[in-house]
Amino acid sequence: MTFTKTLLASAAATALMAGAAAAQTEIHWWHAMGGVNGELIDEMAADFNASQDEFEVIPTYKGNYTETMTAAIAAFRAQEQPHLVQVFEVGTATMMAAEGAIYPVQQLMEEAGEPFEGDAFLPAVVSYYQTPEGQLLSLPFNSSTPVMWYNADALDAAGVDVPTTWDEVETAARALVDNGMDCGLSFGWQSWVMIENFSAWHDLPMGTQENGFAGFDTEFTFNNDHVVNRLQAIAEMQEDNMFVYGGRRGDSLPLFTNGECGMWMNSSAYYGSINGQVDFEFGQTMLPLDTDVADAPQNSIIGGATLWALQGHDEDEYRGLAQFLSHVISPEVQASWHQATGYVPITNAAAELSEEQGFYDANPGTEVAGQQLSLNEPTPNSRGIRFGNFVQVRDVINEELEDLWAGNQTAAEAVANAEERGNELLRRFERSVN
Amino acid sequence: MVEKRPGFTLVAHLVLILGVALVALPVWITFVGASHDAGRMLQAPIPMWPGDQFLENLRQTFFGRGLEGSRTAPVWMMMFNSLVMAMMIAVGKIVISLLSAFAIVYFKFPFRMGFFWMIFITLMLPVEVRILPTFEVVADLRMLNSYWGLTVPLIASATATFMFRQVFLTIPDEMLESARIDGAGPMRFFWDILLPLSRTNIAALFVILFIYGWNQYLWPLLITTDANMMTIVVSIKQMLEAAESTPRWNIIMMTALLAMLPPIVVVITMQKLFVKGLTETDK
Amino acid sequence: MLKRVHFPASLLPYLLVAPQVIITLVFFIWPASQAVYQSLLVQDAFGLSTEFVWFENFVYLWDSQQYQDAFGRTILFSAAVAFLSMSFALILAGFADRVIRGSTLYRTLLIWPYAVAPVLAGALWLFMFNPTLGIIPFILEAIGRDWNHYLRGNQAMFLVIIAAAWKQVAYNFLFYLAAMQSIPRSIIEAAAIDGAGPLRRFVTVIFPLISPTTFFLLVVNAVYAFFETFGIIHAVTQGGPANATTTLVYKVYNDGFIGLDLGGSAAQSVILMILVIGMTVFQFRFIEKRVQY
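Going down the list, the protein sequences come from chains U, G and H.
Taking the working numbering, the leading residue of the first sequence gets 1, the next gets one more, and so forth.
Taking the working numbering, the leading residue of the second sequence gets 435, the next gets one more, and so forth.
Taking the working numbering, the leading residue of the third sequence gets 718, the next gets one more, and so forth.
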């Protein structure tokens, strides 16, 4: 082991660890933020570390969302878990079911004596992560919601207004293509945008038991005419390229930024990357309304990730962790995080501070995500979803929808298959946690 | 050559050049990508000719924040980690395989075949398939975040043992007989006769294992939590997956180029030994 | 197997095999046996609640259309990778064997993709085929073909096959070239005197003579495509679209590592292990015979 130690010691001496006092209590935070956002996380930790000398927060990038979550779970099984881990919203049910493994943040804050006001947060943001009794389990950190991005120049050139309903989206897509564009509409994260949010936006349940909030014995109900008809209409838009499928997650972003597609539905958090690389006027607007389904939109649900505290550490370390979380949710940190990343502000104070600082005036459109989330008081259908094995369910939905886009099946078949396979996964999950 | 057909020779060269061009295309694209600025790499279609930003990208990758991401170690350190990992895997595997192949071929002892088959069934199963239980073992042994944890579990594979066994089997028995007449003990025989005779195979295996170690991805990702232990291949995947931001292709391509360089240099400089060692024993 | 002349039994051979055996036991046999045990369980991700279910995970796989599809797909993928990389390598080696000058130079120029990390190779091909940015879709569009591997499963499959075959060409080329160069010149000259042209000689003389190499490479390439292409698929398609590129090894990773279905994933590992042992024995028997020639 001496060889390792020497190497590590020399590495530590030469690199970033230099100067960290040995007596500090270390707090490990595993996250999934690469790129610029990762740098912001470093700054956040560095600021906190500089503000006191009792604790040192050490953020570590552990790969993408799934890799980070699995790494933390594997570490927990080996009793090597970090104090804090960033988990994406679809992992919520898995984390929540692991009662002996997680330390609910609200409880953590209270037991560490840190001030914590539940109503400081935007209801649509925290409701996703609360127990039925209203206790907050994990701290929303980077939250976004799907919006519709549009190429304003292209819409102008085609002579159409920014669409607000799906009928108008179709008209606009037709006009864009007729005007010579390669594609009218595209989207990413299709399960999130076209099933989860489509349902919430039109106040449709996606599953029984209040979308899984009321129990693990939930079943999917997204196989309904509204969802099927909408997906079928989109599949038919593929003729003439009014709709082009560009891959999962954000793979279709270049379609929009290179001016091929005039409209793109995906996370509001793409603001930074779109802003940095397009040479046309763009904007974001609320998701379109399907007038066959509802007269007015309800509210959209969030995506992104939250911070979960894990069990198995000393009280003293949890005290430091609680102080750090207070730092994270302070209006200044939240406002600058929100403004730099495009994620929605999670507290009212951060939203107000951003308003005061003139951020929304300088960056028109960035308030859309927040408005969309808080459009109405969330209903059981629009509070969020909590399904087990949901990572796999999303894959199933991706697979079935891809077979729809490729013309191998109809929307009715795709949705029915997805629901059936999804229910099977729900049953497996229910068994594994009981 | 059998007969003179200048036309045919020309065709042969043309086909080979075309083949080389096809094989080299991805690396050419990498090189071109590493020589443009970030903006140019996001406009379709991407360029086919090098731009003038190569040195600037190199500078950024090495000295700037270059590799973005959280607390990323500097590039040289990631390359150093990759190097340590590759060397430890290559050397470790060669040493333990030489020893065990020697025992299995030159000694008769109880359970000899049992040991052989136990080693042998590990031949092909990649670490990805048994990764979670292996992780738990490594964690229980307190080897997370160390070069030992990075390398030792990957040393457990039979390819090398199998190859040395093949090599030793082709060495004439007379060698051992005459060594014994000279009064040489087993280790002396191993050191003075077997090792020199397997030199080319050791070299070939070194190349294979160095590359294998350098190119690991999932294992280092799981086993290290300390940014200072990150390897360069892992860092490239990380840059590609920068959540909801756009990949910076110029820096990624430059890093990719740097990550490819050491294994390619090893293959090319050792190519004679590598080819000989490989093809003479069939594995 | 054992030398006719050998050293007598003593403590020494045990000491010699000890490092290898210990590492194999601790880091291979033990985790593998854990996987076997795990395959009989239904367990939550954190390992907090466990139910012993005997072979239910295997029954589930047996009934799963997705798993059966992955099986067939893996075989197709492996066959395509082996065929593509071997035939390409064979053609190049055939010509390289003919040129008097420069065959070493060509070898140097062809050898290095072997050294490129699978994840990296995947990333490069992905970049070249990116439907919006990539150079190849751009060319295809010019001739009226639309490329979108995010949508079309067969295009995605084609892409991973190309990337996987590309990495293996170097290896196959080396073996073919060495095999051809070891054919005695006199045989080829004799055929030439009989009036056989280069193509005819290749088909009737050279190819049959190197058939042991072909068979050997077939096994090696199949194993490579089966087990070692994980990094490529992971970087290029992540198994999509619609599972079109999910191979068995990728599915183990995906169900276990991403889906956190530990029991189901372990059951797949066990099936793979049995498969590996079978293939190993087969390969071993075959190579063993060849050495005795």
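To be clear, the hints were calculated from the coordinates, so they are not data collected in a lab.
What you are looking at is a predicted structure, and each value in this text was computed from that prediction instead of being measured.
There could be a bad hint or two in this list.
Derived, one-sided and incomplete: chain H residues facing chain G with beta-carbon distance under 10 Å [claimed, not checked]:
hint	residue
1	ILE746
2	PHE775
3	VAL776
4	ALA796
5	ALA797
6	PHE805
7	ALA832
8	ALA880
9	LEU891
10	GLY914
11	HIS951
Derived Cβ-Cβ restraints for the label pairs, each shown as a range [as the list claims (entries may be wrong)]:
hint	chain 1	residue 1	chain 2	residue 2	range
12	G	GLY441	H	ALA796	30 to 38 Å
13	U	ALA50	G	PHE465	36 to 44 Å
14	G	GLY617	H	PRO901	22 to 30 Å
15	U	ASP314	H	PRO736	49 to 57 Å
16	U	ASP153	H	GLN783	57 to 65 Å
17	U	PRO132	H	LEU742	15 to 23 Å
18	U	ASP47	H	ALA796	37 to 45 Å
19	G	GLY617	H	THR825	41 to 49 Å
Yeah, the Cβ is synthetic: ideal placement off N, Cα and C, and Gly gets one too.
Cross-check of the supplied hints:
1. The closest approach between the C-beta of ILE746 of chain H and any C-beta of chain G is roughly 7 Å, which is under the 10 Å cut-off, so the hint is satisfied.
2. Hint status for PHE775 of chain H: violated, given a least beta-carbon distance of 16 Å to chain G, over 10 Å.
3. Taking 10 Å as the C-beta contact cut-off toward chain G, the hint placing VAL776 of chain H at the interface is violated, the least distance being around 21 Å.
4. Residue-level restraint check for ALA796 of chain H is violated (minimum Cβ-Cβ distance to chain G is 18 Å; threshold 10 Å).
5. For ALA797 of chain H, the interface hint is violated, since its Cβ never comes within 10 Å of a Cβ in chain G; the closest pair sits about 17 Å apart.
6. Because the smallest distance between the Cβ of PHE805 of chain H and any Cβ of chain G comes to about 7 Å, under 10 Å, the interface hint for this residue holds.
7. At about 4 Å, the closest approach between the beta carbon of ALA832 of chain H and any beta carbon in chain G falls short of 10 Å, and the interface hint on this residue holds.
8. Residue-level restraint check for ALA880 of chain H holds (minimum Cβ-Cβ distance to chain G is 9 Å; threshold 10 Å).
9. The closest approach between the C-beta of LEU891 of chain H and any C-beta of chain G is roughly 6 Å, which is under the 10 Å cut-off, so the hint is satisfied.
10. Using the Cβ-Cβ criterion of 10 Å, the hint placing GLY914 of chain H at the interface with chain G is satisfied: the shortest such distance is roughly 9 Å.
11. With a cut of 10 Å, the hint placing HIS951 of chain H at the interface with chain G holds, because the nearest CB-to-CB distance is about 8 Å.
12. Checked against the hint of 30 to 38 Å, the pair GLY441 of chain G and ALA796 of chain H passes, with Cβ atoms roughly 36 Å apart.
13. The hint said 36 to 44 Å for the Cβ distance between ALA50 of chain U and PHE465 of chain G, and at roughly 42 Å that hint holds.
14. One distance hint, 22 to 30 Å for the beta-carbon pair GLY617 of chain G and PRO901 of chain H, is violated here, with the actual separation near 42 Å.
15. The beta-carbon spacing between ASP314 of chain U and PRO736 of chain H, approximately 38 Å, falls outside the hinted interval of 49 to 57 Å.
16. Distance hint check for ASP153 of chain U and GLN783 of chain H: the Cβ-Cβ separation is about 44 Å, which falls outside the suggested range of 57 to 65 Å.
17. The hinted range of 15 to 23 Å is not satisfied by PRO132 of chain U and LEU742 of chain H, whose Cβ atoms lie roughly 49 Å apart.
18. Checked against the hint of 37 to 45 Å, the C-beta distance between ASP47 of chain U and ALA796 of chain H comes to roughly 57 Å, which is inconsistent with it.
19. The beta-carbon spacing between GLY617 of chain G and THR825 of chain H, approximately 46 Å, falls within the hinted interval of 41 to 49 Å.
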